[in-house]
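Enquirer: Residue 1245 is where the sequence shown ends in my numbering, and the numbering goes up by one at each step.
Not one of these hints is a red herring.
Once the Cα atoms are required to be at most 16 Å apart in a straight line, the calculated EDC-like pairs of lysine to aspartate or glutamate come out as:
#	residue 1	residue 2
1	Lys-1065	Glu-1088
2	Lys-1065	Glu-1091
3	Lys-1120	Glu-1184
4	Lys-1065	Asp-1089
5	Lys-991	Asp-905
6	Lys-1140	Asp-1200
7	Lys-742	Glu-1091
8	Lys-1187	Asp-1110
9	Lys-887	Asp-1110
10	Lys-1187	Glu-1159
11	Lys-1187	Glu-1118
12	Lys-1120	Asp-1110
13	Lys-742	Asp-681
14	Lys-968	Asp-762
15	Lys-1140	Asp-1204
16	Lys-1065	Asp-1086
17	Lys-1065	Asp-1085
Pairwise CB distance ranges, derived in the manner of DEER restraints:
#	residue 1	residue 2	range
18	Asp-1085	Gly-1176	54 to 62 Å
19	Thr-1142	Phe-910	58 to 66 Å
20	Ala-973	Ser-1084	56 to 64 Å
It is worth saying that the hints were derived from the structure and are not from the lab. Ideal Cβ positions, reconstructed from N, Cα and C, are used throughout, including at glycine.
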Amino acid sequence: MSASPNKPMFFDRVPGWFPVAALAAIVLVATAPIWRGHLLYGHSADIDLMRLVVFDGAIRAGDLFPRWVPDYYFGFGSPIFHFYGPLPFYLAEAFVLLGASFTVALKGALVVAWLATAGFMYLAARDYLSRAASFAAAVLYVLAPYHLVDTLVRHAFGEYIAFAWLPLAVWGIVGGIRYPGPARFVAGAVAVAVLPLTHNITALIFMPVLAALWTLEAWPSRDIKSAAISAGATLAGLGLACFFWLPAFVEKSLVFAEESLTQEYFRYADHFVYFHQFFDPRWSFGGSRVGWRDDTMSFQIGLVHWVLVLAAIFALSWRRRRDPSAREELQDKVAPFAASLGVFAVAVFMAHHISKALWDALPLLAFVQFPWRFLTIAAFGSSLAAGFAVDFLEQTGRARMRWVNAGVVLVCVAAMYGTFLAPRFYVHEKSTDTLHNGPIGEVREWMTSDDFEDVEAVATLDYVRASGRNGTSRDDYLPRTVEIKPPHQAPAIIGVGGGAAREVKRTGPNRYEARVSVEPGGGEVILNQFYYPGWRAWIDGWPATAVPEPSKGRVTLAVPAGEHDVVFDFGSTPLRTAANVVSWLSLMLVIGVFAVWRRRKGYAISEPRA
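Given only the sequences and the hints, what does the whole structure look like? Please build it.
Expert: Encoded structure:
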């Protein structure tokens, strides 16, 4: 049956909701395999699970921003969330508080992150592309091979969630110059703020890219006002997150972060991508090793991405040369297309060994650890550049042909990348206290044995304390005052050298009180938590000075002879307080700018065409 000539076909007038609904459906289908049961496999999956366990413990204890958690290192504590982006765990914790298990909460956060990644990429692409092309770019981005590696191979919880903020930042900060408005200002500020709160390494490598894109957009626009407001949104975003990134940056020398995160296995020089690996379509669940022959992790850009980027380049060149009438139509697309190609090229350059001299010259890059992390940026640039192919390849100007092109892209992505969407899962072996992973069929066979159980069974604070977990693969956030790590849990939270403690109570998330008896000559009261700036003490209501115990690094307080009431509490420092003030002021600024802008009249706000 043919369509009536007087009635447009569906793809001639696609409803505005259709691309978003289609993207949501694609994400739900793509993530459906993760719900088959058990903890999703990934190099860091068990670490992320236990991080969520201790994060939940802190939240339930009343610590809404847990800079210090008392459970790691056999219950001696760690400042992990003072340095490691906490936002992904707030997202997962929302599911836990709604009644989900920890493993289900991690999966729920994954699905939300993927939906946001696809949705924000569609939003950002719409500034430059048709709906069909933006849809294709979003599909390519959310199903980019490295995004799948981050999710299903590495379980890089913060890093794969950070994928969502890159396009949102571009939409707010870069798009805010071309289409200024209060929503853009707020979105840009929020995106810049949540990026370090999600994954500070991604923030480190993306912020220069965002600055370059802002410059390329602002320089020819001559709209100084919009460019200044957009830059102001960036500064406001940095201010919003100041409470986190400033203390983390200043205090990184107080923990073993530099040695732990930049040496031995984590030396960046050992993890550059070899050129052929950008094209290698093979898939595996292993890791990154020295030399390409031992690598068992995929570093591919993706065959569909490569083909579409090349197709976009050739289609643009051909149409500009052979179809003079299309030159004006395409003119507005040339600059953003070139910018997306530039982002892609720079990311590939930074991931390849050819950039080593630059890595050597910029010491801060050592904290990136793996040059292949720039594949996140490459996925963004290549997906946006590939989306231009959908628009460049149509010549009729009709939406129908664009949607045909987008449909072809979807089919190709499903065919080439769909096989990667076969996750593995973890189960716990009781007798050896080890995790085993495999495809769902193999895992179900293991679960028929009484010696295997779901990992959720050991997702408890008691297990974290008893097993000596530290929240990282090494000692990234161990305070430097700790030279000898404890071999087991302490018998009590408070001990007295030369006396005894009684009526010991935990009266807050990190607040402990006790009545102590100290023998003549005085003694030391020891809190079995590692010392870190922020620990304070009181003796009989008077402030006292707590210091780190030599070698073991525990919180120690000199107390005179007699009976005394002793209090320990982990609080703020002048630096953290100042950073908090900056964040609160930035929040008020963002709200104020949004409110005033909404009321103003006469400042036109334009949006991209359909």
